[in-house]
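Chemist: Generate coordinates for the entire structure from the input sequences, incorporating the hints supplied.
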Amino acid sequence: MRTFVHGAAVWDVACPRRPSRVAGVTMAGFRVRDLNALRMVPHPAVTLLLDFGTGSPVLDHAAGRQERGSIVAGPGLGSGGAVWARGENVECVQVRLSPVIARAVLGASPADLGGAAVPLGDLWGRKASRIREQLSDASSWEDRFALADALVSRLHEAGPPVDPEVAWAWHRIVGGRGLVRVDGVAAEVGWSRKRLWSRFRSQLGLPPKRAAKLVRFDHVAHRLVAGEGAARVAVEGGYADQSHLHRDVMAFTGVTPASVAGEPFLAVDDIAWPSRETPAHDGSALRDASRPAT
1 MRTFVHGAAV
11 WDVACPRRPS
21 RVAGVTMAGF
31 RVRDLNALRM
41 VPHPAVTLLL
51 DFGTGSPVLD
61 HAAGRQERGS
71 IVAGPGLGSG
81 GAVWARGENV
91 ECVQVRLSPV
101 IARAVLGASP
111 ADLGGAAVPL
121 GDLWGRKASR
131 IREQLSDASS
141 WEDRFALADA
151 LVSRLHEAGP
161 PVDPEVAWAW
171 HRIVGGRGLV
181 RVDGVAAEVG
191 WSRKRLWSRF
201 RSQLGLPPKR
211 AAKLVRFDHV
221 AHRLVAGEGA
231 ARVAVEGGYA
241 DQSHLHRDVM
251 AFTGVTPASV
261 AGEPFLAVDD
271 IAWPSRETPA
281 HDGSALRDAS
291 RPAT
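full-length UniProt numbering puts the first residue of the sequence shown at 1, with every later residue one more than the last.
If you're looking for bench data, these hints aren't it; they were derived computationally from the structure. Given the structure is predicted, the values throughout are model-derived calculations rather than measurements. Glycine included, C-beta positions come from ideal geometry on N, C-alpha and C. Watch out, some of these pointers could steer you wrong.
Unchecked claim - Computed beta-carbon distance windows for the label pairs:
1. Gly80 <-> Ala8: 43 to 49 angstroms
2. Glu133 <-> Arg193: 43 to 49 angstroms
3. Arg68 <-> Ala187: 43 to 49 angstroms
4. Arg223 <-> Pro119: 20 to 26 angstroms
5. Ser243 <-> Trp197: 37 to 43 angstroms
6. Asp12 <-> Arg181: 26 to 32 angstroms
7. Gly125 <-> Ala231: 47 to 53 angstroms
8. Leu179 <-> Ser129: 42 to 48 angstroms
9. Ala187 <-> Gly107: 30 to 36 angstroms
10. Ala158 <-> Ser198: 22 to 28 angstroms
11. Pro160 <-> Asp183: 24 to 30 angstroms
12. Gln66 <-> Arg195: 37 to 43 angstroms
Modeler: Structure (structure tokens):
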């Protein structure tokens with residue numbers, strides 16, 4: 001376990017020693033004595049927050065809604081800077097799921113989440129309570145990661161896959177860091193733009209153009225956190241100019257690129273998620289770049 005210190009933020013962070021048995025799954029463990037108003041920055045993955053500590057994390061939404069404890073959130077949660085996390089004595093395992101495998105693991109499409117956070121018990125029922133008890137009883141972080149991975153693996157094996165064309169389109173977007181044309185991706189899989197749009201959104205929870213924008217934003221946001229200049233990031237990130245980057249960052253986070261560079265939610269990734277691009281896909285795009293059968 002390592003300690004992450006960033007301004008006033010002081011968190012203990014644990015990472016599993018071995019990768020998940022399921023491609024497209026990454027996880028990290030967090031212990032935070034005082035989680036004070038953490039801005040949730042949109043990310044291109046479905047997030048499972050498995051709470052097990054004596055405290056309880058709270059998500060506050062700009063509209064006044066709150067969720068407590070274990071939650072599941074679709075890709076892009078926090079757009080516009082509308083969601084903040086807080087809590088005392090928080091202990092949790094955070095699991096990031098590629099949208100391609102999320103439907104099988106959750107037992108529901110990410111589209112059913114409506115871009116929001118949902119109490120995990122609403123989806124999993126008693127399974128959510130059982131995994132919380134098991135994580136609480138575990139004696140080490142490695143045991144907790146093994147418990148979470150075993151559960152995800154069982155659910156993934158039993159759940160329905162997405163269409164191979166949809167999976168391929170997602171891999172294409174991620175592999176291109178969001179710099180792809182949706183019409184071109186549709187042509188590559190042999191579908192009409194309308195058909196790809198409909199299947200992609202219903203199975204992954206967001207339309208392909210939004211997915212491309214989110215993947216591109218995630219990539220450039222981490223470059224800003226790494227200290228790269230906004231002008232260079234804008235040019236190399238495929239934005240028309242620095243003003244375009246500014247507008248996109250503001251739309252996703254509600255703050256400027258300079259402010260995003262100091263966000264703890266992103267800065268912790270070098271410790272918690274050393275292979276940041278992994279949860280955005282399941283790896284098959286790298287193993288097989290051929291066009292799916294039609």
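Chemist: Next, verify each hint and record whether it holds.
Modeler: Status of the hints after comparison with the structure:
The hint said 43 to 49 angstroms for the Cβ distance between Gly80 and Ala8, and at roughly 24 angstroms that hint is violated. For the pair Glu133 and Arg193, the supplied restraint of 43 to 49 angstroms holds, since their beta-carbon distance comes to about 47 angstroms. Between Arg68 and Ala187 the beta carbons are some 46 angstroms apart, a value that agrees with the proposed interval 43 to 49 angstroms. About 34 angstroms separates the C-beta atoms of Arg223 and Pro119, a value inconsistent with the hinted range of 20 to 26 angstroms.
For Ser243 paired with Trp197, a C-beta distance near 28 angstroms fails the hint of 37 to 43 angstroms. For Asp12 paired with Arg181, a C-beta distance near 43 angstroms fails the hint of 26 to 32 angstroms. Range check, Gly125 to Ala231: Cβ separation about 50 angstroms, and the 47 to 53 angstroms hint holds. In this structure the hint that Leu179 and Ser129 lie 42 to 48 angstroms apart at CB holds, the actual value being about 43 angstroms.
The hinted window of 30 to 36 angstroms between Ala187 and Gly107 holds, with their beta carbons roughly 33 angstroms apart. Roughly 26 angstroms separates the CB atoms of Ala158 and Ser198, a value that falls within the hinted 22 to 28 angstroms. A hinted range of 24 to 30 angstroms for the beta carbons of Pro160 and Asp183 is consistent with their spacing of about 28 angstroms. Checked against the given bound of 37 to 43 angstroms, the beta carbons of Gln66 and Arg195, roughly 38 angstroms apart, stay inside it.
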